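Peer 1: What follows is the residue order along each chain.
4 protein chains.
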Amino acid sequence: MGLAMANNLIKAGYDLTVWNRSSDKCQPLVEAGAQAAASPKEVAEQCDIVLAMLADPAAALEVATGEAGIAAGMAQGKGYVDVSTVDAATAQEISRAIKSAGGEYLEAPVSGSKGPAEQGTLIFLTGGDRSLFDRAAPLLDVMGKRSFFLREVGNGAKMKLVVNMVMGNMMAAFAEGLTLAEKAGLSKQDVIDVVGLGAIAAPMFALKGPAMAQRKYATAFPLKHQQKDLRLALELGQEVQQPLPVAAAANELYLQAQSAGHGDADFSAVLEAVLQQ
Amino acid sequence: MGLAMANNLIKAGYDLTVWNRSSDKCQPLVEAGAQAAASPKEVAEQCDIVLAMLADPAAALEVATGEAGIAAGMAQGKGYVDVSTVDAATAQEISRAIKSAGGEYLEAPVSGSKGPAEQGTLIFLTGGDRSLFDRAAPLLDVMGKRSFFLREVGNGAKMKLVVNMVMGNMMAAFAEGLTLAEKAGLSKQDVIDVVGLGAIAAPMFALKGPAMAQRKYATAFPLKHQQKDLRLALELGQEVQQPLPVAAAANELYLQAQSAGHGDADFSAVLEAVLQQ
Amino acid sequence: MGLAMANNLIKAGYDLTVWNRSSDKCQPLVEAGAQAAASPKEVAEQCDIVLAMLADPAAALEVATGEAGIAAGMAQGKGYVDVSTVDAATAQEISRAIKSAGGEYLEAPVSGSKGPAEQGTLIFLTGGDRSLFDRAAPLLDVMGKRSFFLREVGNGAKMKLVVNMVMGNMMAAFAEGLTLAEKAGLSKQDVIDVVGLGAIAAPMFALKGPAMAQRKYATAFPLKHQQKDLRLALELGQEVQQPLPVAAAANELYLQAQSAGHGDADFSAVLEAVLQQ
Amino acid sequence: MGLAMANNLIKAGYDLTVWNRSSDKCQPLVEAGAQAAASPKEVAEQCDIVLAMLADPAAALEVATGEAGIAAGMAQGKGYVDVSTVDAATAQEISRAIKSAGGEYLEAPVSGSKGPAEQGTLIFLTGGDRSLFDRAAPLLDVMGKRSFFLREVGNGAKMKLVVNMVMGNMMAAFAEGLTLAEKAGLSKQDVIDVVGLGAIAAPMFALKGPAMAQRKYATAFPLKHQQKDLRLALELGQEVQQPLPVAAAANELYLQAQSAGHGDADFSAVLEAVLQQ
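Residue numbers (UniProt numbering), protein chains in the order written: chain F, 1 to 277; chain H, 1 to 277; chain A, 1 to 277; chain D, 1 to 277.
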């Protein structure tokens, strides 16, 4: 995803300095006109705004606060925009490191996967320094179709959990609907068609429904990540003392699918858990 | 709804003979060119295809099979299309009465409410005689945007339950998302906006979300009807031995909203049950 | 069960007149001193108090209100005590028939199965005519260890549902505990032993636990009946507008066990549904 | 609880050396014949077997591994029996510290509260060094009625979670039963009486039922601790990939009771959440 996002910035005419743990991954960008740096620190030294897309909270923390990390190259007037998906606590830790070094910080996890990254239609859920958000807005507009500024650091992560919790519930509901329909003598494709015409039509149902009807689950968003997000949303509910009984029931269904070996399949494979019941 | 549907037929140039329990309700249609009949039986005697939109299964049964009912006026070559929402057992009972009288029968419950009825964008979920479906198709096309022929009588009712079960689950999931967001310090309107841009965007969320954010629930589909449909879907699950744990959890939430006095509010008032938890 | 109960009455010195659809089933009782009657009506004509133990609501209704049924032999001063398990509506229908015939009525479903019937340790959950309860008390005391008078007809049936709902939930909880323990590396027998020593020790766990640990489920109370009782308890909840989210989750688990083919096994086979998840 | 347990050991003739953060808490024991020590380390230096009862994992860790802690006074031939309730990870950390110092370790959380501690009827759920379990057995027998040796360190903690999960579920089921009964026109006391006579009779129902019927919840085991144990059991389920749908539903009910302000009441106050639904 990082590659697609960087490409869109180059195409839009921005000067890029790039770094990746595996330097050959930077090659296509260098060929397209970007400069290569030797470390995150060097990127920070040479740029006003640093963007990072990393795989998980541990990697995000290491790149931001490690020895030759971004914080080490930060200075007054510079800003760090982290578009990785990390938990609120990690985002706050990175924020402290960047701000101690004089820079500004914005967590900016994205909603959307590989396709939207290539088409420049991502959604950014940001929290942190408002002035950095304003400065980075033209860049975000190149890579995405909409950016939300949600105030404090951590709110981007929380918004992503909320939205993914709703998504996980919807997929579980859809899976129950398809299964009930089939057991009751209806066609799954008819359900998909009827759902697609009314008030509950959602792109996700149209996109994944036909493959689900054939019990095929090519992975776009792994089921184990959906289950993790449901679990984290329930933990957030615990933290703020909000019961979420429907999400709790859905979470058990995803856990069942995972324990049956579908963790690496697409999250639409929750259908397998419903079928197994 | 019946009035809006009949009006669309008149506008499309069809000759209508109309009847209503309260004869003054026919007045606007008569003024628009329809003929008034004295009973359902008389409508059946004068028309090739009879359409009915009734409030509940009891009314549908009475109008179809009562003393001066439609079956009494049926004959070979005539057909009865019942667009009311009735359960599968009632539809089968009406079917038997019509077919004993020599006619053809089509259950055709609609997906969509008053707005789509006026705009002619309803969806018909039909089951019964295929030849009647083919003959009635031009009429259904005037009143709706799509008709599904689902084979046996009862399948229209079942499809409606399946779709409404998915809808009820989605609304409960959305309500949990809005509540979790607010408790976690996010804005409900931001959730609505983010949801509206991605793979889970559904017209229902856009339509009802902003009012829900203000805890307003102007009734389009009463919560008690949504709860009833969830209950009936669970009973269908019982009948075909299909567990539906997420729907069961959602049903309890709607029941809670209903017992707290929100049964006549819009079904989006399930949010009140989540807030109360 | 009826045989064991009647035997206890004979042993206690009561004069019995007996009837059974299959007359050979009365033979042991006749040999023990009872008189045989040709119909339920004849039993009613010859006795002051008539007791009946029937398999299901349909049989109970037929024997009470059929052509040569008990109501036909009822008269002022006589009473009918029905110890069968029937729903509240059936009990009320039988009550009306008996009282129209001048008799008194008591529904008296039992808690307890074959063992307690033989040992005379059943529990009677009665509703109906208080004066009949008082007159029948010595008989109930012979067959059981305790009788409850719960006022209106229907309350016996409701109490039985409530108790069986709690029982079904407890067994599901126990099954989840055993499964979690085993997956976490503990021994199921250790769980059974620890549970048996503390505040949650219940005879049911001690009785069924060791067999469950070996996945053996010799039927004492069929799983399909437990699932039916949970379903009926949820319907009662619906009727009185009381959400029951834990019972709803347990019900789905029993439904899953049933759909996997364990309906005729003991209700402790709900463990198989947990293991399958 | 520690006081009651120590008293039982003194009464049984054991020589005790005691320490408490607040030294005045040791006074009654010193008056009864115990010697006072200045630190956990000093207790360890003077005794062969050290017992500790601490409030939470943080206190258990500090007392065991802190500067003047037990590990600092450990030596070959000595053993440490921690009867506090700590999580498996903390127990393992303490175990490593004690064993590095040459001692043996036994986690031994108790099932039972103040009453059983005074009466010497606790249940010990132990894991760790078998030889220490054998040596400590006479002491455990003085303080409790039964001790289980569950092999690895951590298993005592897991067993306690499993049992408390079953307990939390049972109490939630009982609360749903009491509420359904009352709404259906039955008496809560009758439910308590009927439950108390049959296969599901458990001391907990008899002990807490009558107070619950009056909505009184004098705290023996705080609701927030019950909710925490349900949450930890669900996390254990997550870890070993075991869905627990009934426990998940019960957990949401306790969370609801807690968010309504009943966290410090007895866990039987889950009834308030059911009543509020």
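Calculated directly from the structure, the hints in this document are not laboratory data.
Since the structure is predicted, the reported quantities are computational estimates derived from the model, not experimental observations.
A few of these clues could be false.
Repeated chains share a single entry, so a pair holds when one copy, or any two copies, can fit it.
[Claimed, not checked] Here are the simulated PhoX-like pairs of lysine-lysine, each with C-alpha atoms no more than 25 Å apart in a straight line:
| hint | residue 1 | residue 2 |
| --- | --- | --- |
| 1 | K188 | K228 |
| 2 | K216 | K78 |
| 3 | K99 | K11 |
| 4 | K145 | K188 |
| 5 | K25 | K99 |
| 6 | K114 | K228 |
| 7 | K224 | K183 |
| 8 | K145 | K224 |
| 9 | K99 | K114 |
| 10 | K183 | K78 |
| 11 | K228 | K183 |
| 12 | K25 | K228 |
| 13 | K228 | K41 |
| 14 | K99 | K228 |
| 15 | K114 | K25 |
| 16 | K188 | K114 |
| 17 | K41 | K99 |
| 18 | K78 | K11 |
| 19 | K114 | K11 |
Peer 1: Confirm or reject each hint.
Peer 2: Hints versus structure:
1. K188 <-> K228: Result: close only across copies, 23 Å inter versus 28 Å intra.
2. K216 <-> K78: neither (47 Å within a copy, 45 Å between copies)
3. K99 <-> K11: neither (31 Å within a copy, 62 Å between copies)
4. K145 <-> K188: between (33 Å within a copy, 20 Å between copies)
5. K25 <-> K99: Classified as neither; 29 Å inside a copy, 48 Å across copies.
6. K114 <-> K228: within (20 Å within a copy, 39 Å between copies)
7. K224 <-> K183: between (27 Å within a copy, 19 Å between copies)
8. K145 <-> K224: neither (27 Å within a copy, 39 Å between copies)
9. K99 <-> K114: The answer is neither: 31 Å in one copy and 51 Å across copies each exceed 25 Å.
10. K183 <-> K78: neither (60 Å within a copy, 33 Å between copies)
11. K228 <-> K183: Intra 30 Å, inter 20 Å, cutoff 25 Å: inter-copy only.
12. K25 <-> K228: For K25 and K228, the Cα distance exceeds 25 Å both inside one copy (28 Å) and across copies (46 Å).
13. K228 <-> K41: neither (32 Å within a copy, 43 Å between copies)
14. K99 <-> K228: Intra 30 Å, inter 36 Å, cutoff 25 Å: neither.
15. K114 <-> K25: For K114 and K25, the Cα distance is within 25 Å only inside one copy (16 Å; across copies 56 Å).
16. K188 <-> K114: neither (28 Å within a copy, 27 Å between copies)
17. K41 <-> K99: within (15 Å within a copy, 44 Å between copies)
18. K78 <-> K11: within (23 Å within a copy, 66 Å between copies)
19. K114 <-> K11: within (18 Å within a copy, 49 Å between copies)
Violated hints, in rising order: 2, 3, 5, 8, 9, 10, 12, 13, 14, 16; the structure is consistent with all others.
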